[in-house]
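Enquirer: The listed protein sequences correspond, in order, to chains A and B.
The numbering of the first sequence is our numbering, which starts it at 1 and goes up by one.
The numbering of the second sequence is our numbering, which starts it at 1001 and goes up by one.
Please keep in mind that the hints were generated in silico from the structure rather than gathered at the bench.
This structure is a prediction, so every number in the text was calculated from the model and none was measured.
Every residue gets a Cβ at the ideal spot worked out from N, C-alpha and C, and that includes glycine.
You may find that some hints are simply not true.
[As the list claims (entries may be wrong)] Partner residues are not named here, just some residues of chain B that face chain A (Cβ under 7 angstroms, in silico):
hint, residue
1, S1097
2, L1101
3, D1204
4, D1205
5, S1209
6, V1406
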Amino acid sequence: MAVPQQTAEPASAAAEASRRPRRRRSFGGRNLAFWYFVGPFLLGLLIFTYIPVGWSTYLSFFDARNTVTPAAEDFVGFDNFVTMFSDANFRRSLITFTVFSAIIVPLTFAGSLGLALAVNKVPIMQAFFRSVFFLPFACSYVVASLVWKMSIFTGVRYGMVNTVLGWFGIESIPWLFGNSPPWFWLVIATLRLWIQCGFYMILFIAALQQIPVHLYEAAYVDGAKPGWQTFWHITLPQLRATSVAVLMLVLIQAYQAFDEFYNLLPNNGNVPYARTPLIYLYNTALGTVQDMGRGSAGALILALLIAIVTLLQGKILGFGKPEGR
Amino acid sequence: MVASGNNDPSKKAFAQFMMNRRRMLALGGMTAGAGALAACGGNTGREEGGDGISLSQWYHEYGEAGTQQAAQGYAEAYPDANVSIEWIPGDYDSALSSGLLTDDGPDVFESHLNRGMVEAGQLEPLDDIVADVLDDIPENDIARNTIDGTIYGIRMIDDPQYIVYRPSMFEAAGISAPPTTFDELVEVAIELTNGDVKGIDFTDDGGTSRLGQHMIKGLGLSFIGDDMQAGFDDPRILEGAESVKRLQDSDALLLGAPTSWWDPSSMIQGLTAMSWTGLWTMPALLENLGDDVGVFPCPAFAGGSPTVYNGGWSTFVNANGPNVEAAKAFTKWLWVDNEEYILDWCLSYGFHIPSRKSLRAKADQLTSGPAADAVAISEEYGWADDPNWTPAMNTAVNDMMSNIVVEGNDPESELTKAIETVNSELDGIFG
């Protein structure tokens, strides 16, 4: 700022800007602010999501092994999609996921709603209970998996659960081995519930606090009893938008199950009876032989499935409709 | 703030502050973005600058203490280039495969040869640098690193995998000799199992991810036949799978131990009387169990022969690296010519067999006791991977075993399924 002429220009520009009509200026300012806030995320979304999605769509039409820039003569049309659909293992992985979501979606929903109702009713130390139940969400799946595997559900006699079972004279159970009976589902489901229930509890608490008190008061005036009756006819309908959103998020996360299966199950989750779609695709596209073509085709099929199920679910349960109607 | 075209200095200063703040924000946003992007591409392990050529060498994470420092020491001792070491924990294969697709991949790396890497043009032929010692390298180790007549890899270490046992526990149970057939093994394992000790630790999947392969080799079959189709369409496989199922249905397996099979802890802590293991655990076992260590090969299935899997690692040169010739020179210096370092790498940390006949004679630690037995069974019964055998094919065999053994599916149809999968993979590669 040593040379006067250099600073004169911006100064006068600023002065001129201040003389401009107010509306235009605020429009420009808002525009700029918009890009400040949205720009970095948009850039990230573009670089880390849209470009990879586009690229993997491109790859899915090629015989792309150990390369992400296949040659033109490796174009195979829809072959990769046909292969994936006719692959019994890929179809079985979708069944594995279906079992997983059938366990995890209703349990997470009921668990987090129950927690929210309970915490919301606690007269003292509400913030404390909220934090306590929310905290596991900050834990990574990998860390939790190791705790579950190496201390709680260790298969040998000194594992925590086996020690407790031992007090009642029950034989040690190898929790993470085999499929008969499939004990591993207990380990995997408890882990996921522990991590994610707190987060959805927070969403439910926020929604619970939005329900106008006068609805309950009016109901009591009309003779409704507190408890089950008001819950069924007022609370639950008022929570519909949140419930639908929670169901959707839980389901999408269930599709993406990877970490705990990879870290808990034998052979890094590469076992036929519990191979999730992402584990399957990981081994196809990112193992020692990188079959990017088939991996991409599988990923697209999975993405399409998630989209269809989510849309259907939204349609049936009425996502985006106003609350309580 | 020298300029003063405006009457109201405070207003002007404010306006300028606003402008600067905006610029600063914009710049801040940009640099933050750039920083985030740079973070993704950085840390290739290749040190830039300095004089001479820089090379980067990648290793997977060896579990034995001192290995990383040793690798570092070898690199520092090399006079003709700056070699930096990347020590990669976790899923090394995936990290390596993605690294090789970029410009930031390693120049020299350890891995296992497969056809995909060769067809993608990722590997530099190494025939010229091993030419002088070709006669000194065991045949299996050359075959393991050769595709279509070209040598791409140099074996660094041979790691035989076999079963280790506690002779004292055998004696106490009145068992005189190690089992030679798999059915005998099952009986022995059941015999040795009591409240505190399990019979055998056969890895956390009950052996289903390796015994299928051992069966194929032990029965004299091959993964891939000469007709480039699956080479194991044989009913004896079904008989073998039934034996594995008997073991799985007994309660003789140690399952859910805190450490996996490649870690000797379960043996050392006395959780099991026998365990699948590899030669690298031998120093730890000898140190903790003293004389109470014995080894035997994977017993024979269905009238076949016992088997030992000769695993290990080979070193390769990235054909797309910026300094291929320098990388080859370094590889020759370390893994072909430098007998002192090869022996140090094989014997000073975990035990490995040197992949050179002449050096095996000099490996004192491997000439007595159970270590010598391990070397002997490795030479007598050993088999090595086929570079044309892909992970997808391997998974097909593992799935067959898991479906028969863990879930009790019909063995015959599972074998048919595995063969179909392997054949369709082979058709995709060679057809």
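Enquirer: Closer than 7 angstroms between Cβ atoms is the bar; does D1205(B) clear it against chain A? Give me holds or violated.
Expert: Cβ of D1205(B) sits 4 angstroms from chain A, so the hint holds.
Enquirer: Using Cβ atoms only, decide whether L1101(B) comes closer than 7 angstroms to chain A, and label the hint accordingly.
Expert: holds, 6 angstroms
Enquirer: Do the numbers back the hint for D1204(B), that is, is its least Cβ distance to chain A under 7 angstroms?
Expert: holds, 4 angstroms
Enquirer: How about S1209(B): closest beta carbon in chain A under 7 angstroms, or not?
Expert: holds, 5 angstroms
Enquirer: Does S1097(B) pass the interface hint, meaning its C-beta sits closer than 7 angstroms to a C-beta of chain A?
Expert: holds, 5 angstroms
Enquirer: Verify the interface restraint on V1406(B): the C-beta must sit less than 7 angstroms from at least one C-beta of chain A.
Expert: Since chain A brings a Cβ to about 5 angstroms from V1406(B), closer than 7 angstroms, the hint holds.
Violated hints: none; the structure is consistent with every hint.
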